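Asks: Protein chains in written order, with the numbering used here: chain G, 1 to 162; chain H, 1 to 858; chain E, 1 to 326.
The reader is advised that the hints may include incorrect statements.
As the list claims (entries may be wrong) - Restraint ranges, calculated between C-beta atoms of paired labels, are given here:
no. : chain 1 : residue 1 : chain 2 : residue 2 : range
1   : E       : E281      : H       : G382      : 35 to 41 angstroms
2   : E       : G181      : H       : K25       : 54 to 60 angstroms
3   : G       : E126      : E       : E281      : 33 to 39 angstroms
4   : H       : P33       : E       : S180      : 52 to 58 angstroms
5   : H       : P10       : E       : R89       : 32 to 38 angstroms
6   : G       : P120      : E       : E281      : 42 to 48 angstroms
7   : G       : A161      : E       : K7        : 51 to 57 angstroms
8   : G       : R157      : H       : K433      : 41 to 47 angstroms
9   : G       : R15       : H       : P10       : 39 to 45 angstroms
10  : G       : R15       : E       : E5        : 21 to 27 angstroms
11  : G       : E7        : H       : H681      : 49 to 55 angstroms
12  : G       : E31       : E       : S215      : 52 to 58 angstroms
13  : E       : Q202      : G       : K9        : 52 to 58 angstroms
14  : G       : A161      : H       : E643      : 54 to 60 angstroms
In case anyone wonders, no lab produced these hints; they're calculated from the structure.
All values derive from a computational prediction rather than experimental measurement.
Think of the CB as a built atom: it goes at the ideal place given N, C-alpha and C, for glycine as much as any other residue.
Listed below, chain by chain, are the residues.
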Amino acid sequence: MKKELIELKVNGRMRELAVAPSKVLLEVLREDLQLTGSKRGCDDSSCGACTVLVDGTPMLSCTLLAASCQEQEITTVEGISEHGSLAAIQKAYGDRGGAQCGYCTPGFIITVKHLLSVNPNPSDEEIREALSGNLCRCTGYSQMYEAIKAAIEAEQRGLAAL
Amino acid sequence: MAEFTIIGKPIAMVDAAGKTTGAGKYTDDLSLPGMLIGKILHSPCPHARIKRIDTRRAKALDGVVAVVTGADAPKTYGILPVGHDETALAVDKVRYVGDNVACVTAVDEATAENALELIDVEYEVLPAYFDPEESMKAETDLIHEGKPHNIEKDYHHVFGDPEKAFREADYVAEGRFIANEVTHAAMEPHSTLASFELDPHTGNLGRLTVWSSTQVPYYLQHKLSLVLEMPMSQIRVIKPLVGGGFGGKSEVIPLEIIAAVAARAARAPVKVTYTREEVFWAHRGRPRTIVDLKTAVKNDGRITAVKARVVQDGGAYCSYGVVTILYSGALLGALYDIPNIQYDGYRVLTNKPACGAMRGHGTVNVRFAFESQLDEISAKLGIDPAEIRRRNLLKPPCITINGLRVQSYGLPESIEQVVERSGWKQRKGKLSKGRGLGLGCSHYVSGAANSIIRSDMPHSTVNIKIDRDGGVVVYTGASEIGQGSDTMTAQIAAEVLGCSLARVKVVAADTDLTPIDIGSYSSRVTFMAGNATLRAAEQVREQIASAAARKMNCAIEDLVFGDDKVARQGLAGGSGTGEAPVPTQPGATASGRVEGQILRGSLQQKRTEEGPKDRMSFEEAVVAAIDFHGALTGTGSYAPPAEARGGKHKGAGVGPSPAYSYSAQVAEVSVDEDTGEVTVHKVWAAHDCGRALNPVAVEGQIIGSVWMGLGQALQEEMVWKDGMLMNPGLLEYRSPSAVESPKIEPIIIESIDPEGPFGAKECSEGSLAATIPAIANAIYDAVGIRLHESPFTPERVLAALRAKKNAKAINMTQGVDPLAPTRFREHGGSLCFRGKGPERHRLDPARRETAGEAGGDD
Amino acid sequence: MSLPEFKLLRPRSVEEAIGFLVKHGNIRVLAGGTDLIPSMRQKLFEPEYVLDIRHISELREIHPQAGHGVEIGPLTTLNAIEHSEFLRRHYPVLTEAAATVASPVLRNMGTIGGNICLDTRCLWYNQSLTWRKACGFCIKKDGDLCHVAPGGTKCWAVFSGDTPPALLCLNAEIELASPSGVRRMALRDFYTGAGDSYRKLQPNELLTRIFLSDSSADLRGIYRKLRIRGSIDYPLAGVAVALKRSDGQVSDARVAITAVNPAPTLITGVAGALEGRAVDESAAEAIGEMAAKTAKPLTTSALTPEYRREMIRVLTKRAVLAAAAN
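This is chain G alone, in the form it adopts within the complex (with noise of 0.2 angstroms):
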């Protein structure tokens, strides 16, 4: 198939590349860029192991084409580490189980990540339905939510300290 040259943001490097106008987001992050920290886990867009961020909105990567994703900011899990330090969330889930075979872990990191950013303390509902569009087969989602609280503990305390 013919490739086109697309130019995408990820993580805050713009990235030139060269793909097929039919290839999807999660396969150009994976195969092009050797982000494989986003998981396919479904093929008819159900799972949430895909999501990355999509100018600040949780999106299915395997859902987008790559080349309409340009000039759009695109995050993935690789990007939420905090300067090279683990972000309290992903210290969080490791603490309290929140990830076991992972496989599904940076779909949620995305999804925790945008939550806590548009609200900072979410009830215990407002968390389940923030984390319904992923699916988990080991955790129950229970220990997210110790986690997702835990996580939250951390940045505050982190805040006061400021």
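Add chains H and E to chain G, keeping to what the hints say.
Replies: Here is chains H and E on its own, set in the frame of chain G:
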């Protein structure tokens, strides 16, 4: 209780950071230079003879490197020695829609997919069997030669005198229960990358390295050797991160063999990753099970006999089937004290994807039937469901009538705990209309006492190496699949050696580096690999101790290992010990370690300047030992004791375990009587795991098991129509989302097993089986209906409610259109496979001339 | 599963988009992609061109018109509909329906226009090429028989959008643009009732606006949806109710159902049955019966047709009572 530093503490998984940052690599994340993509052609027929395969057009396509078919690797294999009925690709017959016919390797996925459409296969369609009870009547067109009536295996066990017990019973309950088919649906689709090296001596293809999403690298290595006809020594299997297994990766899955066969033909590295649909076809999940169950009781609630006839719809290949059908019978024992058991189990072949092992292997569906029937009995006899279970407890240590040895037994306490926490006594029967509580219990093995491969080899072996840097490297064949295997290994090694967790590096599941371990399934890792780790660490500790004792002028027995130090007894609690925080991440203490860092070789000099002392740092002690012994190594292994290996009857090998976990659960549900929708509000789940080595991980496993049971109870079901799986995707196969997943309160019960590592038993599977009956029984408590078929979808619940009320009969399975089929699963009849459709496909020349399609909005 | 090959067109204006539609025959319009992309993966669509309209910003806005209702751009995401204060206040049935579509992440992508134009669904149709080939294809795509109503020549694929029944209750109109100008039609006339050619959209037309009139504003609205999973799922049955009360009596009432017919369907006779009455159990029950009679579910989806029709009855009754109460 013994004091531990690392055991029993909530510890983050040692590989957590890789998972939360996306840096961790799963098989599909890997690539090699020159790597090709493999795509598999699947059978469109449920049962057919292959008359001809022509791959020439596919091979001629630009970008295609090789196309392989059954002829390229015709040797049979199967996970069980008694079930070698699979080939890498179909040799003469296909046996289900989705069976593997050919594999194309090409430069990219799209090219490989296009090439699949160019393979011409001529099939001679054979009559197919979809229903196990129909299949058992088959006389001709058998699915496999040598399996009359399409019965893979049947077992008939009688323990005690069940006939007499039924005659003398005060009450006999009888019923048919059906549990429909479910699958693992692990989030990671299976993936395998296979690569051959060129042999420098012969110049031909040499060693094979395979990276694969497997729970058992050793079995894969073994089957690859069989099919490729290569010595095992020439095959290396590496397990990268695995995105969930639940049994679905516990045997050799077709793509794992196919990738290697394709790589051999293509003479290049080949990666095959399943689509989600292919994952459903590979399946190996929990079979649809028909349980005819009869229980005899006395008026006081004592169970005197159980009779079960179990038919499992096993699909087209044996897989773990023989083991599954045996577990279904064997695990009637070891939960309660049942003096007389009769079991008739039939594993039946049908033209559908093979069923295999899935979390709670073999026991779940029978447990649903048993615990539901016990609830019926308790209602009939007017005995509280918790009380009737108490009256049937085992009295361990004991050996059950069917030969299972039970030592630690936390069931009584588990029942007590859930009864108390759920407010059972105060609330049962007193909740608002449509709301109820239900109780269910279950148990599971901590690994099988008998390996599926008959041999005397240990089930787990672990090596430990410590060099002058003081780093502890543990080599284990146990497979981390998200359950915490690597973390458990590190914890045990660190605890025994008294060193910090950060010091321990686990190298796992790489057949070149790690000793044989029969992998992560049947909940065996903590018990078996854990014990092997414990023994290996003890062996190394002994070496360190003997050197340290010499340095400190004391007896070995006077030494205590802890807090990264070796100290003389009585001094361990002194200053500088005890309060050091336990690092939870390998990298987390990087800065803290700098001051303690001892450069290789420099210590000896440092040490000579000091006289004998009361304590040494771990590194000093290690270097002291290395000075005498060279690099420290230790090996530990585990084989289950002879006493735990069960009886002598045919099939006695399956069921025995060195230890059983126990679970009791109370579910609180409400039922919408107009819609039949069931809401689970909360599940209290008590699980006896011996000792909880890592409580946060144990709780995660309990919650995960309960939650997966909830999925099977309420919404998950593989729906079939004439061998076509109607819901081969995560959109239509509905594992629960966060919205409807209830609160699950895990309660850890520690019975401290005499043989488990630090007293630990399994915690990852046993809880699942209790959840389904707990929910069923809660539905009964809520609205008085007894559900005999899972999942309890709203239509099944509503149909039962209507039947109970004698309300306007509503046939929930009848369509509106008079032409429509009477039952979804059966409708459509022979129309399948008869249409003119295939000729109208886009690759058909006649169709290519037709005009393009209309446009429109998305 | 890779997408079939195509050429991508990325217009920046409606005019440019229409130009592409005229120029290229075999073309599909891509908005949110949540329906089209998975379908293309299954080779249900293999267009030569894909018209990516995601970046036509003029189609992305909600414009309240003083005294004349509201105009909604078809590219407005379902999330934006759900969170629009204006719509929530004046057209609550729409925001409520939008909030139930699929899952949060899919609502971030999916658009109201896409939900209106959503392809009809069937378990025999929404499957991979390999799967469909195995059963000889079906009448909606590549084949010549229907597996759902064997022997029939009609396609029964079911319309599974959540917002269209709400829009039908609001008497929504839509604007379709083509080179020959724009045409405006009632949304209820947009659907054909057939499962295959389910909508009246010409190959060179683009949905450009959705109108809700002032006279439909401020109706009490409720949307109820049957699904097995609490998120992600398409509806297995859905009911939208909008009604107006004055002095405790109903002055206007509309009910529409979805996911049980090849088109979202307005129930006829609802206003007549309720107008001038106070809504009670029996009145709601009667509306439920009317809705259930209109529903013609078949085995296109999970759960049995009879159950889904029964749920139309139950959910309609409940929705009517809830709309009258709130």
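Asks: Return the numbers of the hints above that this structure violates; sort them in rising order.
Replies: 5, 13
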